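**Q** Required output: the full structure, derived from the provided sequences and hints.
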Amino acid sequence: MIKKENLLRVVLLAVGIVMILVGIYRGELYEIMKKAVVACLECIGIG
Amino acid sequence: MFSQIAFFLLQNPLLKNFFTGDIYRGRLKMLCTPGLNCYSCPAAVTSCPVGAMQLFLAGAKHSVSLFVTGFLVTSGVAFGRLICGFVCPMGLLQDLLYKIKAPKFKARFRYIQYIKYLILALFVMILPFAVRNELSGLGSPWFCKYICPAGTVFGALPLFAANSFLRGFAGVQFAFKLMVASAVLSAAILNYRFFCRVLCPLGAFYSLFNRTAFIKIRFNCEKCVSCGDCSKACHLKIEPPLELNSPECMRCGNCIRACGSSALSYKSERAKS
Chain R
1 MIKKENLLRV VLLAVGIVMI LVGIYRGELY EIMKKAVVAC LECIGIG
Chain S
1 MFSQIAFFLL QNPLLKNFFT GDIYRGRLKM LCTPGLNCYS CPAAVTSCPV GAMQLFLAGA
61 KHSVSLFVTG FLVTSGVAFG RLICGFVCPM GLLQDLLYKI KAPKFKARFR YIQYIKYLIL
121 ALFVMILPFA VRNELSGLGS PWFCKYICPA GTVFGALPLF AANSFLRGFA GVQFAFKLMV
181 ASAVLSAAIL NYRFFCRVLC PLGAFYSLFN RTAFIKIRFN CEKCVSCGDC SKACHLKIEP
241 PLELNSPECM RCGNCIRACG SSALSYKSER AKS
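If you read the protein sequences in the order shown, they are chains R and S. For the first sequence, my numbering begins at 1 and goes up steadily by one. For the second sequence, my numbering begins at 1 and goes up steadily by one.
No wet-lab data here; the hints were simulated from the structure. Treat the hints with care, since some could be wrong.
[Claimed, not checked] On the chain S side, residues computed to face chain R include the following (Cβ under 7 Å): (1) 38; (2) 39; (3) 40; (4) 47; (5) 55; (6) 69; (7) 70; (8) 99; (9) 101; (10) 113; (11) 115; (12) 144; (13) 155; (14) 174; (15) 253.
Remember, it's a predicted structure, so these values are computed and weren't measured experimentally. The beta carbon of each residue, even a glycine, is placed where N, CA and C say it ideally should be.
**A** What follows is the structure, encoded as structure tokens:
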């Protein structure tokens with residue numbers, strides 16, 4: 001049971017890290033940055 | 001509380017921007033922080049994962065952000081809702097509000113606690129993706145637009161206070177968001193972490209990983225004297241020996257500190273299979 005839980009934990013962590021790396025490779029960081037460096041109008045209730 | 005303030009300052013170090021109304025435009029904004037920390041907060045140097053997730057679903061180049069989803073999964077597996085307890089600025093704000101002397105309603109929220117999962121599914125995922133503007137073909141970040149009190153408190157209010165141009169655009173939508181934020185913050189005075197427990201989509205996401213997270217709370221039944229002090233100390237009305245690492249547990253450590261027989265402790269799982 002503990003081994004299964006550990007395996008699940010490791011698999012989820014690995015999947016998460018791979019997703020992060022693929023996301024970086026796809027240039028998602030720049031899309032986030034484009035939105036985040038100006039005031040998000042929806043967030044402040046005027047957009 | 002000290003660690004929460006430290007994490008708040010780490011995510012929002014540019015406090016002088018609260019007075020100037022400027023927003024940080026550097027490269028750190030590419031990165032997300034695990035808590036609900038609005039990227040429109042003048043002091044913020046990083047991005048909000050919930051806002052970033054909606055940005056992609058609402059029609060950026062890739063409809064699902066692998067970076068943001070991977071970041072949330074990794075944070076969830078590593079820490080679970082420890083992030084709610086120690087890292088999130090909205091948690092800090094609510095903890096401060098809960099210190100106000102007022103009647104406290106220590107309810108468990110057995111049924112309404114599931115609203116946060118509905119908000120995660122509907123306002124963060126489905127509506128931004130499914131409801132599109134006919135002309136632009138883009139969706140809206142529904143959670144940020146209609147609910148998020150972090151955007152109102154940490155973003156809108158300081159920006160409007162410092163920037164009269166932006167203030168001129170405040171209308172019905174802002175009034176609605178202000179009402180939501182006021183209701184959430186008022187509820188936080190009366191109920192411990194009302195927003196985190198009932199409405200927060202980030203809390204909902206992390207709660208899915210609470211049982212598998214690396215950092216957990218361990219219970220040693222041999223040391224337990226069944227005094228019930230841990231249950232009494234828990235603001236979330238969880239009974240730690242029976243519901244250890246419940247999806248609602250934010251790992252605040254109140255039960256650990258209350259336990260006189262050291263039956264409860266933090267446990268860090270080793271990553272071995």
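**Q** State for each hint whether it applies.
**A** Here is what the structure says about each hint:
A cut of 7 Å between beta carbons decides the hint on residue 38/S: the least distance to chain R is about 5 Å, and the hint holds. The beta carbon of residue 39/S comes within 4 Å of a beta carbon in chain R, closer than 7 Å, and the hint placing it at the interface holds. A distance limit of 7 Å between C-beta atoms decides the matter here; for residue 40/S the minimum to chain R is near 5 Å, and the interface restraint holds. With 7 Å as the threshold, the beta carbon of residue 47/S comes within range of chain R, its nearest partner Cβ sitting at about 4 Å, so the hint holds.
At about 5 Å, the closest approach between the beta carbon of residue 55/S and any beta carbon in chain R falls short of 7 Å, and the interface hint on this residue holds. At its closest, the beta carbon of residue 69/S sits 6 Å from a beta carbon of chain R; the interface hint therefore holds under the 7 Å criterion. With a cut of 7 Å, the hint placing residue 70/S at the interface with chain R holds, because the nearest CB-to-CB distance is about 3 Å. A cut of 7 Å between beta carbons decides the hint on residue 99/S: the least distance to chain R is about 27 Å, and the hint is violated.
Violation of the interface hint for residue 101/S is found here, the shortest Cβ-Cβ separation to chain R being roughly 31 Å, above the 7 Å cut-off. Residue-level restraint check for residue 113/S is violated (minimum Cβ-Cβ distance to chain R is 23 Å; threshold 7 Å). Because the smallest distance between the Cβ of residue 115/S and any Cβ of chain R comes to about 21 Å, over 7 Å, the interface hint for this residue is violated. Here the hint on residue 144/S is kept, as its CB sits about 5 Å from the closest CB of chain R, short of 7 Å.
The interface hint given for residue 155/S holds, since its Cβ lies 5 Å from the closest Cβ of chain R, which is under the 7 Å cut-off. Residue-level restraint check for residue 174/S holds (minimum Cβ-Cβ distance to chain R is 3 Å; threshold 7 Å). Interface restraint check for residue 253/S: the shortest CB-CB distance to chain R comes to about 21 Å, outside 7 Å, so the restraint is violated.
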